[in-house]
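In this text, residue positions in the sequence shown follow the numbering used here: the first is 24, and each later residue adds one.
Since the hints were derived computationally from the structure, they do not count as laboratory data. Take these hints with a grain of salt, some might be off.
[What the hints assert, rightly or not] Straight-line distance between alpha carbons at most 25 Å, and here's what the computed SDA-like set of lysine to any residue pairs gives:
#, residue 1, residue 2
1, Lys309, Pro178
2, Lys309, Glu271
3, Lys339, Gly329
4, Lys242, Tyr221
[Claimed, not checked] Between beta-carbon pairs, the in silico distance windows are:
#, residue 1, residue 2, range
5, Lys146, Gly370, 15 to 21 Å
6, Asn236, Glu377, 25 to 31 Å
7, Asn236, Asp465, 23 to 29 Å
Note that this is a predicted model, so its numbers are computed, not measured. Ideal placement from N, C-alpha and C gives every residue a C-beta, glycine not left out.
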Amino acid sequence: MECETERTADVGYSRRGEAIQVLFASAAIVTESNQDLLLSLIPFSLLYLGEQICHTRGMSTATATKIFADRIGRIEVSATMAITAAALKLKSEGVNLADFGAGEPHFSTPRHIKDAAIDAIEKNFTRYTNVAGIPEIRKAIVDRHTADFGSAYTPEECVFTTGGKLALFNAIQVLVDHGDEVILPVPYWVSFKDIIQYAGGVVVPVETNEAENFRLTAKMIEAAITPKTKAIILNTPSNPSGAVVSPEDLEAIVRLAHQRDIFVLLDECYVYLNFTGNIVSGGSFKDCKEHVVVLGSLSKTYAMTGWRAGFALGPKAIIAAMSKLQSQSTSNTASMVQRASIAAVSGSQECVAEMRADYIKLRDRVLEGFKTIPGLTCTVPEGAFYVYPNVRNFLGKGGATSATDLAAKLLSEAHVVVVPGEAFGTKEHIRLSYAVSHDVVDEGVKRMREYFASLG
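The task is simple: from the sequences and hints, build the whole structure.
Have a look at this one:
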């Protein structure tokens, strides 16, 4: 059994806090090389975390294992968080990095959103609110979704959450039981698999075809359905590939799920960063809404990653269950964040269009740069702000036998931060976030070109 989240002991500090400290302390312990550092972090099992905690207390590994619940052994530390930890360590040492690791907008939060938060604080809007969010933010979310996608949700069918990840986590927790199957297209965002497994669910991967731009079809989903299928996760545009499910296939998948009594969990974190010109939400098929849960985030759309603002739209019973779970965990999202979020979704959307236009320029800049690197191939992303190049031609060279090895080499030798494809369910890719400045794109591609050329 691998180790898991700790139970709090009355010893003056929480084991949870200690486990987090151990994760980052381990990055400082491994000093022989940056490669060793990265490999120690990705993948990084929680059994190892438990072992480290035990060593600091003089416990045996067997004793440590008894501390943790089984469910924590089903998950691993987020690979992107581990990459971020390694990159932060190098930055603290003065290393200049071309950082394509974290999926975080390089823009600042728009002024009108920040002003709304400041105004809320100045007016002492700093107390607890309704667990599901104040009525104004839920109405604002619903109104925005209705205006943009023609959906028909009510404020009672909306819960505001502390980030989009919490919306996903809560939805999985209230819908997926032990043994339930959840269909998950590959490549997938790093946390999907672990959140499903944490709930006791069984991940059913659906492979997509790189030659077809990783595009998911309804036929692929239908072939994976069994009597145990409880839910389907759709992330479009996709993190990490940038693939977009066509409007026709999106509707076909939603209707198929509705007919089979299966829930569709729609991760729409990047829905406004769709470059095809045909932005569609699976929540707009009103006659199927009883089987659809829309999971949204303001992080990427409005450059609000640190604000932790997300939401879910769905059937009243599911939203009520998610709110009940939230009442026993995070409770409400910070009150001033809710006010800022109202300004975001209700105010001018020009900032969204401007950011989207720049992401398209950045995507094209990266792809043009990749053309100068012999042996590197890459699909053309249709949305989000990631590229997912295939690096098979470089594996087996320079001591790198896997994408994880290669990511470590790029970090330690070229000072370029990428995330290995293993974190997303594939073995021959690396992910780069191009939500960076144009200068960083140019410098990062240059470093990659020089490094790959050095491999011969």
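Hint check results:
About 16 Å separates the Cα atoms of Lys309 and Pro178, which keeps this hinted pair within 25 Å; it holds. Restraint check for Lys309 and Glu271: the C-alpha separation of about 15 Å stays at or below 25 Å, so the hint holds. A C-alpha spacing of about 29 Å is found between Lys339 and Gly329, which places the hinted pair above 25 Å, so the restraint is violated. With a C-alpha separation of about 28 Å, the suggested pair Lys242 and Tyr221 falls outside the 25 Å cut-off, and the hint is violated.
For the hinted restraint 15 to 21 Å between Lys146 and Gly370, the CB-CB distance of approximately 18 Å keeps it satisfied. With their beta carbons about 26 Å apart, Asn236 and Glu377 fall inside the hinted range of 25 to 31 Å. At about 25 Å, the beta-carbon gap between Asn236 and Asp465 stays in the expected band of 23 to 29 Å.
In this structure, the earlier hints numbered 3 and 4 are contradicted, and the remaining ones agree with it.
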